[in-house]
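Participant: Here's the letter readout for the chains.
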Amino acid sequence: MPGKLKAKIVAGRHLPVMDRASDLTDAFVEVKFGNTTFKTDVFPKSLNPQWNSEWFKFEVDDEDLQDEPLQITVLDHDTYSANDAIGKVYIDIDPLLSSEAATVISGWFPIYDTIHGIRGEINVLVKVDLFNDLNRFRQSSCGVRFFCTTSIPLCYRAVVVHGFVEELVVNEDPEYQWIDRIRTPRASNEARQRLISLMSGELQRKIGLKVLEMGGNAVVGYLQCFDLEGESGLVVRAIGTACTLEKLSGGGATNNAQHTANSSPSKDMKEPVFGDECPSNPLSSGPSTPLRAPPFTSFSPSKSYSRQSSSSDTDISLTPKTGMGSGGSAGKEAGPLKILLRQQTQTALEQREFPFFTLTSFPQGFLLHVAGVVSARSVKLLDRIHNPDEPETRDAWWEELRQEIKSHARALGCHAVVGYSESTSICEEVCILSASGTAAVLNCRFLQDGCLDVLSEHSRGVVVFFCNRCDDSAPPGCGFCHVPYDELNMPFPAQLSPCCCCHRTKVPDVLFTTIDLPTDAQVTGKGCLIQARLCRLKKKSQGEGNATCISNLLPFLEYELHTQLLNKLKLCGMNALFGLCIQISVGENMLVGLASATGVYLSALPSPGGIQIAGKTPNDLTYDQHVSSIQRKINDTIVKNRELYEIHITEVAEDVIGSPIPEPRQRSRLFRSHSESSDELSELDLSHGKKDAFVLEIDDTDAVEDLHSLLTDAPTPPGFYSCNTEIMPGIYNWTSAIQMFTSVRVFRLNNANLTNLGLNKIFNELCENLLKSLYFKLRSMVPCCLCRLNFTVAVPEDELIQVAVTAVAMSFHKDQTQEANKAAQAHSQMKAIAETEEQLQFPLELNAESASPLSPKGSAPSVDYSSFADRCSSWIEQLRLRAHTIRRGSIKTSSSPLPEGRSRSLRSTRSFPGSSVSVVKMTPLSFIPGAKIVKYLGIINMFFIRETTSLREEGGVSGFLHAFIAEVFAMVRAHVAALGGNAVVSYSMKECVFMENPNKNQAQCLINVSGDAVIFTRESDQEGHLPQTSHPQPTEDTPP
Amino acid sequence: MSVELDVFVGNTTIMDQEVYQLWLSGYTVGDAVKVRMDGGVLDGCDASAEVLRSDTMDQFRTFQMCERLLHNPAKLANQLLFQIPPDRQAMLIDRYYAFDDAFVREVLGKKLSKGTKKDLDDVSSKTGILLKSCRRQFDNFKRVFKVVEELKGPLVENIRQHLLLSDRLARDYAAIVFFANHRFETGKKKLQYLTFQDFAFCAGELISHWTVGAMDNQLEDMDVDLDKEFLQDLKELKVLITDKDLLDQHKSLVCTALRSKTKVFAEMEASFKNLSRGLINIAAKLTNTKDVRDLFIDLVEKFIEPCRSDRWVTIDVNLYLTHYINSAHILDTFKHQAVWNSLWDELFKMLTDIQHVTVCFLVKMGMVASGASAAAEGTRATAASSEEPVPVHPTQFTTSISFSFRDMLNVGCRAWPHSG
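First to last, the protein sequences are chains B and V.
Letter by letter, the first sequence follows residues 1 to 1040 in the UniProt record's numbering.
Letter by letter, the second sequence follows residues 1 to 420 in the UniProt record's numbering.
Hints were generated in silico from the structure; no laboratory data involved.
Cβ coordinates follow ideal geometry from the N, Cα and C atoms, glycine included.
Treat each hint with caution, since some may be false.
[Said to hold, decoys possible] In silico DSS-like links for lysine-lysine, alpha-carbon gap of 27 Å or less: (1) V/Lys235 <-> B/Lys45; (2) V/Lys238 <-> V/Lys290; (3) V/Lys302 <-> V/Lys238; (4) B/Lys127 <-> B/Lys4; (5) V/Lys146 <-> V/Lys290; (6) V/Lys75 <-> B/Lys8; (7) B/Lys1000 <-> B/Lys540; (8) V/Lys132 <-> V/Lys111; (9) V/Lys188 <-> V/Lys110; (10) V/Lys146 <-> B/Lys45; (11) V/Lys273 <-> V/Lys290; (12) V/Lys110 <-> V/Lys189; (13) V/Lys302 <-> V/Lys111; (14) V/Lys75 <-> B/Lys45; (15) V/Lys152 <-> B/Lys45.
[As the list claims (entries may be wrong)] Chain V regions said to be covered by chain B (calculated; three or more residues, Cβ under 8 Å): (16) 37-47; (17) 52-59; (18) 71-79.
Chain V with its partners taken away, still in its complex shape (with noise of 0.2 Å):
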């Protein structure tokens, strides 16, 4: 005595969505309607557990049909199989691409190939998602590239476009694809501290400033890839270490500039060197792929931590990019030199970002707070992420500190007074 066939079909599709987080989310039936019971589903209700396991399998059986449709969101608009209300849709949409930030910090970056699909199981042990969910993750960043892939003009516009995302969820969408585009390296220990959300804004920064598409008027070209040219133009940068005179005519900028504004000016003017050092060779570096994805590995290496060791906060590297950046636009060098304007506003752009870039990374590092905590060891850093109280959280600084120079000025006086 059994039932052998078991369906419901409604005229309007008929979704629960709890029932759907849960087949998402990867569960068998049996272990969906446990947690629906659990839930306390059927309370107030007379139905048996067999209600609900026949309730919970049909709508299973309807998730799995419309899977296919959700492959490609533009077609469950014009489908005729199920009738479901526009609403329904987005958030059938918005859900099926939806991830958790534990998978994505384990695949970001990541080529996107079988090769990182087979080890998806150690990706699930890990963070403890079911494997199910993680493939259907993995197989939604994979696609969401591919269509973007071939596609002109503006990524997260795109993204938005074709797969009808929201605008939140098409905006980290664009942060995988460039990442998982030029591989960035982000798996490293020391890089653990680092949110998702961390790396889907230095992307946000990346694609609005370093592309081609950000370079012309985002019409043209992609956003995915990096130009090239301003890359190559990056070099050129390399004369403000290895001119000596330079050098020294640049510190002795920023050091006048810092003056009396900072606790910790003594470390600024030791460390100075080494660290202009450090970002002038990340950024003459970044022709070379292999440098491009050790972009932010880099960056935590030759700046961020000699900048904690010394017990920086993160006004303190705010105020020293700002002038640092300040001082070499004024450096005879270039003001005089036609031919290094438009570059010089290259090396800032990218500078810039690095700023922010640098900001983020040390704002989540917990040096905000004080000096004396943020002497704490680098082990410790990434558990401090996120126990520290942030005040404040990266995506506030695109709104506070614009990407002009002019703008950037303008902040800077701002920020006088209460440095000070």
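Next up, chain B with everything else stripped away, as it sits in the complex (with noise of 0.2 Å):
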């Protein structure tokens, strides 16, 4: 009986007439949780009910506050027929449960109903009181945090950044179910609407049980995702990163007093976390001593906890879980399990065996090297499930391909990968599962800490990397585009050149990858939005058929998507892509692909050579005017490109464009995993031909198609910049103007008889049109730029083709001179931070059994025990002043605190704008301009069915979506305000399907957000640069 949830109802506002008669409404309020329902008394004829109801309580057990979401139905009451329901809340309490997150829910939010949408508003005050279960065999994982953020958070450092974790549960989709034909579509979408609460509460536990097994007390990049299968059911799904965080300022210190002073029960973890006085911090070699051995390695594993914490002599507080050090073997022998529940004992060995992360930036030198984008994809038909409603099959699924993803990387001599991510495309019962992510190689110094039972439970090993790397000590602007591979035993072949920074080591002559531009890295110029779009029509067919059909096309979707790309990238004067993203939406007869990614120029990389046009038939005149023409078109193409982005390189190769060496496209030069099986495929950083000789034969159809793809993209409007990572290179001095949107196109096709070329031109102009909308409707914010510009394209009917965009659109300063001061300091720091780096060791946790056989050359793995666990930092400022306070002699008193490259300083005072709602500011991206993040109040993870049977009368398609993504917005902006936030970072729609049936006048749309809740403050003066000064947080949580 570890929790007491309370609830109030306080008031409602704006409701609906439901009498016609009077034109009142006589409300009532029913508050569910669980099995258990609490009413409030009826306020009669009035659309301003005060109920100010006693406080309801909900005695139940901790997991099923996990699992569960308050219910807050309002209605109307009728004497004589039943009474009608006005609408729904459903109020996530996981916030609560999280002593460091919020304390209190309470405002005002929508009345929802999947019918009607809003209807008006009710004001509910939520409070748990939570008792902590130490039961080691317990099934809930309270106080596990997660983000969205795929960073780790700005008011955090990671101390331990454990690894995967994943999760998936299954259950039958309410809407196949028999029921449905003789319910109302109110009911229907309600019980969906409750069951993916309820079923992303227990992914969310399950995974908190997995946290806590390793160690850590936070998931960070966490994704979750909806499959809607359809009649073999409903899969929600998630994967993120575990890490042990720990809250960084003063503020975190009373928040973390707190918090063990709450979790007083857990004795045996307290005293050896305050008791021992560690006399020999990890830092005290200190910053000029690199540390190559590791000197703690005689520790005993069951102290490396209080190791850890030792770092709280410096002010810097530790913030251990509760459960941490029980949470062990989590699950084995477990109590009994829901249906839908899975297996928690599978495979909790074999995930550890993916060395993934969903992290897209990381701390500093963290990442060593970058070798390029892993993926995979398989098609499986839906209807060969042989058991729809347990989990095993698609867990087996995802296991193939994490296992493919893994031996890509293997060959590309990484043993990790970053910006690791997971999609599904469902078409009927042809479903494509796509992963991606970016081989890398991380500062492997490793280790493990935490939970040691565990580790000795599960037999594994504790290993340490040593990367006695020759650049260790390269410059950190350029050391992660060096190429982690043997130059000699290439896995594909490359074109590899001398950095252009260090002149030391090898570096490929492009670089595509799915994490965000590393903070460090040099780059000329800003940057850009590139996107590749293809269609392919496919064969209307069933089954088996459909599959290999789809398996077939697939290679050259992805290849064609490929070419495009870099074509781009030339065509921008550009050598390297981040944050790539390749979607592959399958429709009944055609696939779609879309790849979207930032170009930058790396100045480490070589000057991208140009495009050289070849005909094929060189004696005809006529011809070769054509050629020419376009040749030139190119040219200058590329040189304007290079002048837009500010692209000004010293050594220009002259002799580059236009060069004069005509060799034929190849495409054996494409490298194709050799596992690639008959329904999957890979795709591997490819790299084409020669660099100064790209060469486009334009007789070859498909050439046409990439010219014209190439020059039908219209530039950026002046004034205006766009990419889809966090942060545009180039750009710092960013205003606190931002404007969050989403957009929505759907596109019909009516001409039956189209051609691949012709919808192709048609998929083009749809997201270039759009982009032209976007950039008109954004005009007055300019200068600004588009950051984190999502696409999602599907199909969902036979001739439709659904484009839907979120973005934040931000303006910035023109104000040069700041830019350049900035680019100083930020560079300066970057210095600062290459001096520090060498102390760096990050812990790492990984398998003995998948780690050694990756150990880079050269490296020398021995074993360690946990000493470096507070080494992980992304924080140097931190260890600079920890090192300070330990080596009392040498003092270095500057230290720079911007380790992102944003400006960020210290502020006390939380400011609201006046107005009777409070502002809530949502942005795609993991920080605001001009703001700082004070404090995290949890996940927000919102699933809204809408469905209308009057689709005329309510504005037609638009006039439907339009309402219902606002209220959407609203519903976002409600639940955060009454967390006491003003806005929600790392905002994203996830899903946002929509159905139509214009001549039964009805639609359906299903819409999944997510974002992390935060409270931040504007920085109005610079005060800030004093990373330890504690800034005091806001003082409790006082809902506006």
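Reassemble the complex: the two chains are provided individually, in unrelated frames, and hints are given to aid placement.
Facilitator: Now the structure itself:
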């Protein structure tokens, strides 16, 4: 009985008129949690009822607290007939379960009905009294924090990055149950909403258990997705990166003290945490002596925990989670599992095999080398699942893919995959599963910390690698570009050349990655959004034939996309792609591929070659003219783009453009993974021919297509920049004006006899027009940059293509001097980081089994115990300061606190713009320009269904969806405000499934959104630069 | 090949004021796109008409969704659906409740009923304002009327608070409500030369001096209804014209005061009885609702037109009325009867207002500039109102002439040297 949930219904407002006669409503409220329901009194004849109810108390298991949402239903009392439902509010109480997140939920929530949309608002107060459960075999994982942000959250530092966690739950989709034939659409939608809410709660809990088992206290880069498989079920799956986070600053310390006080039952932990004054701080070796050997190998595993927390002697608090020590062998022999539960025991060990990280940006020095994109896809038939209600089959599918990814990474000489993500596309019974990431070598002197009992139990080795690579000391701005594989033993043909920055090691001619641009990367000029778009027709067919057909098309699709990307990249005069995301959507008669990435010019990589056009019939004069005119056009475009993106290269390869060596394009150069099976394929970082003679033959119809797509892309209008990554290189001085938006377009292809070429053209235009529309709409924000432009394509019906875009427009000051200043600042700080980098040793956790074969050449695997836990830090200044505390002799006073190139300073006041409704900012980025995030209140993960049977009356499909998206925004804002927050960061719309039936005047839409609710404070003064000064937290969450 | 669905939703609702105005004016999306194109919005943008159309559609849709909230502006401030900065909210409301003078002139004083709404297409074709816009404006009038109908306290203040309108709009709406409530006749040809603002000024005067709220310290009852008691009392003024002695006495007092101060003295003297009779009769009849409606037309017919035919200028009228009132005040009858004192004050109020109103009307008629040009025929007056330079705007009177007796005297004194 470890939790007491309390809810109080205060008032309602703007209720709809339910009684036509009186134009009023007799409203009352049902509050439901689990199987317990409470009711308020009826407040008669009012559209603004004041219930002011008592506190409704639910005594529940913490397991239920995690799984179940609080369900509030507003009804209209009717004496003679059944009470009419006005609408519902689901409140996820997960944020209240962590002591560091929100403490109370209080505010106005929109009352939502799946048929009518928002119908008034209700004011609710929710609190939770949590008693800690120390049962080793418990099923709950309260207190594990979840973050959608794919980097270490801003007011935390990572003590340990444990690694990949994944989970998947399956249930029957209520929409496909027999009962759906007799129940109302409303009941069906609500059943679905509730089920998904339950499933995501359960999923989160299970992932939390895994995290506790690994010894972590948080999941960063949490990515949860739904697969609406139709008949075969509803899948909710999630991946993330388990971490042990530690709150920065004094605010965290008080919090921590509170927390430990709360969790007093954990005596076994408490003593070592505060009792052990570890004399040998790992940093005592100081910055000047690069640490090569672990001096603490003698420590016994049981003490490792305390050592980690010894850092508190320098004001840095550790936030050990109550469950951490005891969360060990979770759930093996655990209590009764629900039907939809997956066996906990299944792959506890195997999961560790995946050295995957869902993070896209990393603490400085974490990322050593990046090899390129690895991806794997497979086509599956959903009607072949033997046991649709069980997750095993899907688990096996993903397992396969992950193995594939891992082997690709290995082939590239990398032992880890970063920026990892998974996605699906479903059409009828065919499902394409995709996984992609960036093969990388991490700064792998790492160690495991935390639950060592778990380690022994699973007989897992803790392995520390030492990468004594020659380029360890390479400048940080180019180090990650250096190829991790052996030049003589390359996994695929690639052009390597000496690094343009340090001239010591080899770099590839182009670099494709799925991660964000590392903050210390040396970039010339600015970046831009680069998209490759492709449609391929396919025959309509069923079952296996269909799957085969799709699998056969996929490699070509990917190849074409890749070629397009490469061409466009060259056309922009750039040499690297970040944030690459390739989506392939399957429809009944076509496959649509959309690859988005942000192109940049990495100073370390060689200058990209031009594009050479060659005709096949050299003697035809008019033809030659045609060719040369195209050539001229291309050359002009490259020159123009270089200017546009301010790419000024000192040693321009003059001979590059229009180089006279025509060399036929060779498809054989394409490297395909050897492990490619009939239904899977992979893509590695491909390297085309000689860099200075990239030839397109225009006799080739494909090439015509390529050319077409190359030259039709309109440049971004003046004043605009766009990227799909977090930050745009070259822009530092953001203003506080941000505008997040979602735009959806559905295109109907009326012409049944379309060719591939025609289809491509249409799709291309669709995307281009969408972008143009965005630029036009946001023209008042110029100069501005569209960041995190996230495109999702879908083929909802036979002849429909749906494109949804979510992004944020951020305006910036044009002031160049300031920019230069900041750049200089960032640069100097980069140097500082470079200095300290050597002292960094990054703990990571790997299975001995999976890790050792990956150990790069020259590394000397040795066993280490946990002594470097606190070194895994993104906060260099922290380390420096700590080091300085220890070595009192040599004090360094300079500390520049801009570890990520964003200006941040500390302020304590919270400011809400004056209005009766508090303003909530939303952004897909992990930060808010000009502001400091002082507190993460919890994850927002919401799923809504909206349906209408009066489509025309609601303004047609556009009116319907417009209203729905606005409602979703409103509900997200309301929940954040109720948690006491004033912004959502890392916001994303994961799912937007739209179905219509205009003949029946009906439409339905499902939207899934997620993000992190935060409190931010504006920095009005520049007092910052004192990372260690404790900035007091806002007293408590006083909801506005 | 067509765009089936196209939406754009921002966390902060994006609204273009220009597009909003087009929407308010009742343009269709197609027409609005044309107007925007012609307005050069695409200049300097690499965007096609298609983009513009998509943008316009989006915004029109947004406005449509907002419209429900604009019907109850207080709701707009605490709704959750759209995140709109407060200054934008104020803009939305003010623009939504703004109206065309040409339109309001057509419906001013009419009953805000379904019947009137049906005739809006006539109004639309007459004024050139699109029917959709006419409907919105009409519905706004009706809505404001409904909101304040049952409320107590000062009318303008009520409108401002409940509909969050700006001061100016609140005042205008108060006038509209007031006129609609009493259904003052404003549509007659003879009144056509008056603009809405003229009537709004009159309404302001009447609201502050003739209504129940004005009498009872503005707190207890509504501003909308005229004070019945006051109107009843006005009947007593008839003594000024029925009693032959009083009439003569009054005339001599006024004439004495006016002699040699005006060029039209002879005419004043000649028409005194007529004018006095006209004024008092209007006042005495106000207990009758029908006659209240005709207040303005009566004023024009019985007082203003005679004055104009005598080629009075504004100063003359002002002077005449000032002395007319002052003299009546010192008439023996009233002086010695305490009972009459309070009554007199009320009468005075009425006359003062009539003075203001008539002066205002006369100003509009172009009788200010010179006596000669003022001789223009009544038919031309309408045109004159807009063409003639109007040196003194009616609202300026409110500053120069206040409404208490004593002040009036002072003003009269101050005016003395100049008018000579």
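Participant: All hints, please: hold or fail.
Facilitator: Here is what the structure says about each hint:
1. Note on V/Lys235 and B/Lys45: the hinted pairing is violated, with a Cα-Cα distance of about 47 Å set against a maximum of 27 Å.
2. Among the hinted pairs, V/Lys238 with V/Lys290 is consistent with the structure: their alpha-carbon atoms are about 19 Å apart, no more than 27 Å.
3. A C-alpha spacing of about 16 Å is found between V/Lys302 and V/Lys238, which places the hinted pair at or below 27 Å, so the restraint holds.
4. About 8 Å separates the Cα atoms of B/Lys127 and B/Lys4, which keeps this hinted pair within 27 Å; it holds.
5. At most 27 Å may separate the alpha-carbon atoms for a hinted pair to count; V/Lys146 and V/Lys290 meet this at roughly 23 Å.
6. In summary, the hint linking V/Lys75 to B/Lys8 is supported, as the alpha carbons are separated by about 24 Å, within the 27 Å threshold.
7. Annotation: proposed proximity of B/Lys1000 to B/Lys540 holds, straight-line Cα distance about 26 Å (limit 27 Å).
8. For the suggested pair V/Lys132 and V/Lys111, the alpha carbons sit about 19 Å apart, so the restraint of at most 27 Å is met.
9. Restraint check: the Cα-Cα separation between V/Lys188 and V/Lys110 comes to about 12 Å, which is no more than 27 Å; the hinted pair holds.
10. For the hint linking V/Lys146 to B/Lys45, the alpha-carbon distance of about 20 Å falls within 27 Å, and the restraint holds.
11. Taken as a hint, the V/Lys273 and V/Lys290 pair is honoured in the structure, with Cα atoms around 25 Å apart against an allowance of 27 Å.
12. With a CA separation close to 15 Å, the supplied pair V/Lys110 and V/Lys189 stays within the 27 Å bound.
13. Only pairs whose Cα atoms come within 27 Å are accepted, and V/Lys302 paired with V/Lys111 is accepted, the gap being roughly 26 Å.
14. Proposed proximity of V/Lys75 and B/Lys45 is supported: the alpha carbons are some 19 Å apart, at most 27 Å.
15. At most 27 Å may separate the alpha-carbon atoms for a hinted pair to count; V/Lys152 and B/Lys45 meet this at roughly 23 Å.
16. Counting residues of the stretch 37-47 of chain V whose CB falls under 8 Å from any CB of chain B gives 3; the rule of at least 3 is met.
17. For the stretch 52-59 of chain V, the stated coverage by chain B is satisfied: 5 residues place a CB nearer than 8 Å to a CB of that chain, which reaches the threshold of 3.
18. With 4 residues having a Cβ less than 8 Å from any Cβ of chain B, the stretch 71-79 of chain V passes the three-residue criterion, so the hint holds.
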